[in-house]
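Line by line, the protein sequences give chains L and W. Position in the first sequence (first residue = 1) + 247 = the working numbering. Position in the second sequence (first residue = 1) + 291 = the working numbering.
Keep in mind the hints are simulated off the structure, nothing from the lab. Careful: at least some of the hints might be erroneous.
[Stated by the list, open to error] Computed cross-link-like contacts, DSS-like style, restricted to lysine-lysine with a CA-CA straight-line distance of at most 30 Å:
(1) K394/W x K501/L
(2) K394/W x K410/L
(3) K528/L x K501/L
(4) K352/L x K619/L
(5) K323/W x K430/L
(6) K501/L x K361/W
(7) K323/W x K539/L
(8) K599/L x K428/L
(9) K249/L x K394/W
(10) K361/W x K548/L
(11) K342/L x K528/L
(12) K394/W x K528/L
(13) K518/L x K323/W
(14) K345/L x K394/W
(15) K546/L x K361/W
(16) K546/L x K323/W
(17) K323/W x K501/L
(18) K345/L x K528/L
What follows is each chain in one-letter form.
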Amino acid sequence: MKTNAEVVIVGGGIIGCAAAYYLAGMGAEVIVLEGSDHIGNGGSSRNGGGVRQSGRDVRELPLVMYGIRNLWPNLSEELEVDCEYHQDGNLRLGKTEKHREILTKLADSARGVGLDVRMIDGDEVREINPYLSREVICASWCPTDGHANPLTTTLGFYKTARKRGVTFVTGEPVRELRVIKGKIRQVITPNNIYEGENVLVAAGLDSREILTSVGIDIPMTNSLLECLVTEAQPHMFDQMLGTAEADFYGHQTKHGSFVFGGSSGLERYNKDNGTPVNSSKTAPCICRGIMKYFPDLAKVKIVRTWAGWMDASSDGVPALGAVEEIPGLYVACAFNGHGFGIAPAVGEQLAKLILTGRTDVDLSPLHYDRYKAKI
Amino acid sequence: MNSVNDRSRDIGPFLPGPDDDMIICRCEEITKGEIRQAVHDGMWTLTEIRRYLRTGMGLCQGQTCGRLVKGIVARELGISPAELEPATSRVPMRPIEMEVFAKEAPEEKEVGSYED
Numbered sequence: 248m249k250t251n252a253e254v255v256i257v258g259g260g261i262i263g264c265a266a267a268y269y270l271a272g273m274g275a276e277v278i279v280l281e282g283s284d285h286i287g288n289g290g291s292s293r294n295g296g297g298v299r300q301s302g303r304d305v306r307e308l309p310l311v312m313y314g315i316r317n318l319w320p321n322l323s324e325e326l327e328v329d330c331e332y333h334q335d336g337n338l339r340l341g342k343t344e345k346h347r348e349i350l351t352k353l354a355d356s357a358r359g360v361g362l363d364v365r366m367i368d369g370d371e372v373r374e375i376n377p378y379l380s381r382e383v384i385c386a387s388w389c390p391t392d393g394h395a396n397p398l399t400t401t402l403g404f405y406k407t408a409r410k411r412g413v414t415f416v417t418g419e420p421v422r423e424l425r426v427i428k429g430k431i432r433q434v435i436t437p438n439n440i441y442e443g444e445n446v447l448v449a450a451g452l453d454s455r456e457i458l459t460s461v462g463i464d465i466p467m468t469n470s471l472l473e474c475l476v477t478e479a480q481p482h483m484f485d486q487m488l489g490t491a492e493a494d495f496y497g498h499q500t501k502h503g504s505f506v507f508g509g510s511s512g513l514e515r516y517n518k519d520n521g522t523p524v525n526s527s528k529t530a531p532c533i534c535r536g537i538m539k540y541f542p543d544l545a546k547v548k549i550v551r552t553w554a555g556w557m558d559a560s561s562d563g564v565p566a567l568g569a570v571e572e573i574p575g576l577y578v579a580c581a582f583n584g585h586g587f588g589i590a591p592a593v594g595e596q597l598a599k600l601i602l603t604g605r606t607d608v609d610l611s612p613l614h615y616d617r618y619k620a621k622i
Numbered sequence: 292m293n294s295v296n297d298r299s300r301d302i303g304p305f306l307p308g309p310d311d312d313m314i315i316c317r318c319e320e321i322t323k324g325e326i327r328q329a330v331h332d333g334m335w336t337l338t339e340i341r342r343y344l345r346t347g348m349g350l351c352q353g354q355t356c357g358r359l360v361k362g363i364v365a366r367e368l369g370i371s372p373a374e375l376e377p378a379t380s381r382v383p384m385r386p387i388e389m390e391v392f393a394k395e396a397p398e399e400k401e402v403g404s405y406e407d
C-alpha cells in the first residue's frame with residue numbers, strides 16, 4: 248500500500264475529496280486518509296444541500312461566489328455523476344418585523360461585496376413560491392443561489408479523484424502529525440505511518456485534536472443538526488429556502504422528496520452515544536416549523552430522519568489556508584454547518600495554494616490564527 | 292468497524308452480466324448492474340452504495356432489498372457478506388404524516404390532558 252505522497256490529506260469528506268480531485272488534476276500525487284469506514288461520512292453526507300451565498304458572513308462570501316461562478320455550473324459533467332445542481336434562487340423567509348431587520352442587515356452587508364440580493368415583500372415572495380403561507384411577510388431573495396445533492400457530489404469527487412490515481416484509505420483515524428527538520432512530514436494512524444511533503448487537515452471537528460499534536464489549536468465545538476426527508480411528491484418548486492428564525496431550511500429534490508433541516512434549540516444539551524443520533528424532539532419540531540410556512544405539506548409522509556455534527560467556531564466562519572509556522576501544513580475546518588456549497592471552491596483554491604503558493608481568492612480573512620479574546 | 296481499507300486494491304474489471312437489468316431495489320428502481328458498477332466506481336460499503344444510488348432510501352427503507360444488495364456488493368468485492376456492515380436504520384420505522392409526527396408536543400396543552 249502506498250504510504251508516501253506529495254500531499255497527504257487527513258479527512259475523506261467533501262473538502263478532502265475535492266482538494267484531492269483538483270490536486271490530482273494538477274499532477275500531484277495524493278493520499279487521502281478517512282478515519283471512519285465510509286467516504287463523506289460527516290457533514291458532507293448529512294447536510295441540507297444548500298449552495299447559497301445569501302446569509303453568509305462577508306469573510307467567506309468571495310470564496311463561495313467564486314465557486315458558484317466558476318465551478319458549480321460544470322460540476323456534474325466533471326464528476327460524472329448527477330450533482331442535481333439547481334440555480335433557481337434562495338428565499339430567506341421572515342414572519343415578523345424583527346426577522347425583516349435581521350434579513351435586511353444580512354442583505355445589505357452581502358451587497359457590499361457585490362452579491363445580488365434584495366429584500367422583497369410577502370406578495371412578491373408568493374409570486375416566486377405560491378405555496379408559502381400568508382404568515383410570510385418578507386424575504387431576502389438571491390437569484391444566483393441554489394441547491395445540489397450532497398451525496399452524489401461528495402462521492403462524485405471521490406470517484407473521479409480515485410480515477411485520477413488518488414489513493415484513498417478508509418478506517419485510518421489519524422492520531423498525530425509529526426514535524427521533522429522544521430517541516431511537516433509524518434501522519435500517524437494506529438496502523439501505519441504516512442509521509443507527505445504537504446499535509447492538509449480537513450477532518451471536521453476531529454481536526455482540533457489532530458492539530459494539537461503539532462501545537463496548533465483551532466477553537467471549535469460540536470453542535471448537532473438534524474434533517475428529515477419526505478416521500479416523493481409532484482414537482483412544486485425549485486428554490487432553496489431558509490428562514491430568519493433558522494427554524495428550518497430545505498428544498499425539493501430531483502427525486503421529488505423534500506429535504507428539510509432544522510433545530511429544536513436543545514442541541515447543545517443533547518445526549519449522544521458517540522455517534523450523531525436524532526433526538527425524539529427535533530424532527531417533530533421541524534415539522535411544526537415547516538407546516539407554518541407550507542400548510543399544504545401537512546399530509547406528506549416523513550420517510551427518514553438523520554443527524555450530523557457541525558464543527559462550530561466562535562465566529563461562524565471556517566479556518567482555511569496555510570499554517571505559516573509549520574511549512575507544508577494546511578488546514579480547512581470549522582465550516583459551521585455550511586461547508587457543502589463552498590466545498591468545490593475550497594478544494595480548488597487549496598490545491599492551487601499547495602502547489603503554486605497562490606490563490607485567486609484572498610483567504611486571509613479566514614486565517615487560522617484570527618481568534619482573539621474580547622478585551 | 293475501522294479496519295484499514297485501501298480503496299486502490301484491485302478488484303478486477305467490471306464484467307457485464309446477463310441479469311444486470313434485474314431490479315433489486317424496487318422502491319427506487321435500481322438494477323443489479325447499477326449496483327455492480329457502483330462497486331467498481333469505488334463504493335465499497337453499503338452506506339456508500341446507498342448514498343450513491345439511493346438503494347434502500349425509498350418507502351420501505353431497504354427492508355426488502357437490504358440483503359440482496361449486500362450479497363451483490365460482497366460478491367463483487369470478493370469478500371463474505373458477513374464482512375459488510377448494514378447501512379444505519381433510520382427513524383421513523385414506517386412513513387408517518389408530517390401533521391401526525393408534529394404532535395409529539397402539542398403547543399397548547401389543556402389542563403388535565405395527561406389523563407387523556
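Hint check results:
| no. | hint | verdict |
| --- | --- | --- |
| 1 | K394/W x K501/L | holds, 29 Å |
| 2 | K394/W x K410/L | violated, 48 Å |
| 3 | K528/L x K501/L | holds, 28 Å |
| 4 | K352/L x K619/L | holds, 24 Å |
| 5 | K323/W x K430/L | violated, 49 Å |
| 6 | K501/L x K361/W | holds, 26 Å |
| 7 | K323/W x K539/L | violated, 42 Å |
| 8 | K599/L x K428/L | holds, 25 Å |
| 9 | K249/L x K394/W | violated, 54 Å |
| 10 | K361/W x K548/L | holds, 27 Å |
| 11 | K342/L x K528/L | holds, 23 Å |
| 12 | K394/W x K528/L | holds, 10 Å |
| 13 | K518/L x K323/W | violated, 40 Å |
| 14 | K345/L x K394/W | holds, 28 Å |
| 15 | K546/L x K361/W | violated, 34 Å |
| 16 | K546/L x K323/W | violated, 34 Å |
| 17 | K323/W x K501/L | holds, 22 Å |
| 18 | K345/L x K528/L | holds, 26 Å |
In this structure, the earlier hints numbered 2, 5, 7, 9, 13, 15, 16 are contradicted, and the remaining ones agree with it.
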